[in-house]
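Chemist: Residue-level listing of the chains:
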Amino acid sequence: MIYLDNAATSWPKPPCVEHAIMRYLREVGASPGRSGHRLANEAERIRFDVREALAELLGVRDPRRVVFTSNATAAINLVLRGLLDPGAHAVVTGMEHNAVLRPLRALERHGVSVSIAACRADGTMDAESIEAHLRSNTRLITAVHASNVCGAILPVREIGVIARRRGIPFLVDAAQTAGCVPINVHADNIDLLAFTGHKGLLGPSGTGGLVIHDEFDIARLPPLLRGGTGSRSEQQRQPDLLPDKYEAGTPNILGLAGLAASVRHVLDRGVETMMEHEHALTGRLMEGLRRIDRVRLFGPPDARRRTAVVSFTIDGLPVSEIAYRLDEEFGIMCRPGLHCAPRAHQTLGTLPDGTVRLAAGPFTGEDEIDAAIEAVRILAEA
Amino acid sequence: MSNFAVIMVHTTSDAIHAERVLRRAGLAAKLIPTPRRLSSDCGSAVRISADDHGEAERLLRGAQVAIDRIEPLEA
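First to last, the sequence lines map onto chains W and R.
The working numbering applies: residue 10 is where the first sequence begins, and numbers increase by one.
The working numbering applies: residue 40 is where the second sequence begins, and numbers increase by one.
Isolated chain R (complex conformation) (with noise of 0.2 Å):
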């Protein structure tokens, strides 16, 4: 099963920038390791809910943050 999703992002500026875009717009974000087998440029990574990740791709783009990709994180 998989709850939560993981925004990868290229530095750890772009990781504080997505999780007060979301965080504005009342969603959970919560920073995170970079789960190993997601290869990414950033040793930190913001997690949401699965729930989340149409909405939170919409406000990123919105509000121009650069990420990467979302990925479902398995449990």
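Only chain W is shown next, with the shape it has when bound in the complex (with noise of 0.2 Å):
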């Protein structure tokens, strides 16, 4: 068995990630921020051991600047309804992914105005192509840092300069580099960074938010969910406290604690070191799939300009086919079709049918790749 769907989520995880899980579940049980007595203090400690961190990871300096949400997907909502009122202009890339262009569609059909800004066949693009985008009304850029179909990464350190330069908040969705590239929110000029958990962060599904920059004003941005949050109890109006604001509810505090472990596990093994192994594999996988006759490659042609995303197809046989027969007859997983981003399958010329996507991790060997380009040329020269 082979898995290459880590874009889709990562796995296995580190067995750190299962020990936390059972070690809340066993020794803590109890929610976080209320109640106050020992079990909900170590509860809180574990909710605050991710947010630290997230925030030596992702360099914010304010722990409380991380806040939690389910996913990346709700985390970019909150950013996209929180600043987006009616009558404002978004810019976005050539590249999204539907958790951005979804919530923008919706939003437009109440005032709110999108342009997105082309990016070149193969993904990429150069920051200036923002610019010629930008109005008097713009209210947010937004970029993709990776693409999750061809796994190009964006300049967004660039266009975050172009951002603070112009004064228009600017938002990251890091769904595909948290964890797998190097990101320092003040270093990259990114006001706001949307992660995930149970990708290049190596935790559990469900878990993911938002980083805010040290110097973004909250008082900009509400909060799209309101509710208890063990504060200001007597209040019925939600706290503007951070990181209480946007995050209302009980949370999801059993997949906290296994993020906890993973990001720990994140830090001491290293974001470059991880980054050096995945394009190691991204380049032996491309430099296999080159040589196979009918194979079509996507994306950026230099490893280094990416994730561990490949995207392919072979002349002649549909994308559902070759995923299928890579599971039943080689017992490799991917993922084929649109991959939720047709936006960007617009930009790689690969609507309507979509790519086949093999996706390698921190845990992927050569072995497993040299099998993978393998069984791609046995289905190709068949």
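Among the hints, a few may not be true.
Covered stretches of chain W, going by a simulated chain R footprint (3 or more residues, C-beta under 8 Å) [unchecked claim]:
1) 34-47
2) 234-243
3) 249-263
Because the hints were derived from the structure by calculation, they are not lab data.
Source: prediction; values computed, not measured.
Here a beta-carbon is modelled for each residue, glycine too, at the ideal position from N, C-alpha and C.
Since each chain comes alone in its own frame, lean on the hints to assemble the complex.
Modeler: Shown next as structure tokens:
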């Protein structure tokens, strides 16, 4: 069995994740932020462990500026719906995921306008192409850090410079990069960074959140959800305090317990080290696939300009059949189709059929990559 | 007599943050339910030795921990 679907969710998880989850279930069990007894306090310590670890990993100084949501999509919705009032304009890139585009299309019905800055056919872009789309009413620039379809890494730091110069908030969708690519919200000029816990951060699904730059004024961003927080309980208005402002309701503390362990694992192993490993595997995979007749590869030709995501097609074979046969005949798991990102496939010229996506992870070995190349060769040469 | 002081905070995250910074510096810090007579945003507070009041204040400021105030705790 060869798991090459790490761009959907990473697997396996480091063993420390299940240990942390089991420890929480057996020894803690309580809800953080409520009640104040020893187990509730221990649960809050676990939640704070994750905040501290993510603040260290992503470069925000104040750990309270790491706020948790159920996933990256929820964090993105929080920002889009919070910052874009009727009459506002947003600029996004031509590689966005539906996590960004669907909420924006819904906001368009309420008087928000959206411009899409085009990317090249390999999914890369020049930051300057954002500039032509900016208007006096532009209230947000949003960029996916790396494409979930072809792995292309976008120049977020340079886009951030443009956003800074114009005083426009800048949101980065780091679903594919947090834990895989070095990120520092200060150095990269990112105001708001949406992350997920279950991909490169190697934690459980149902975890994610928003990192808010230390200088970003939270008065500008209303919460998406309001409700109980354990603080200012006498008030019927949502408190303006971080992180409680954005964390109404009982959190997924079981998932956060696992995430606390996995982010610590990522910090210990080092993002740079893991990225080197993934670049080497990606380069090997691309090199092998390139040599097979009828195989087309998408995305930047240089493995160092992408995450460990490789999209391909085989002329004359539907992508769904390729994926099915990889699974059935070779035990190789991947994801075919449009990957919830039709706009990115439009950029790559792969509509309406989509591609087959292979995504290695930190625990993938060279032998598994070689087996995948051989399997694709057998399918393509049949 | 008053042997303890209480660090009042706005959220339980801040309480844990304060506890962590103080314990890392070797101070005894204990999470307690906020005493009813002291009004607070948060149900939890951090109890320290009254002797550590000044040191705790310095450490928390240095680590930029958000606290409301420090109050003596009447025994």
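Chemist: With reference to the structure, classify each hint as holding or not holding.
Modeler: Hint by hint, here is what the structure shows:
no., hint, result
1, 34-47, "holds (count 5)"
2, 234-243, "holds (count 5)"
3, 249-263, "holds (count 4)"
Taken one by one, the earlier hints all hold for this structure without exception.
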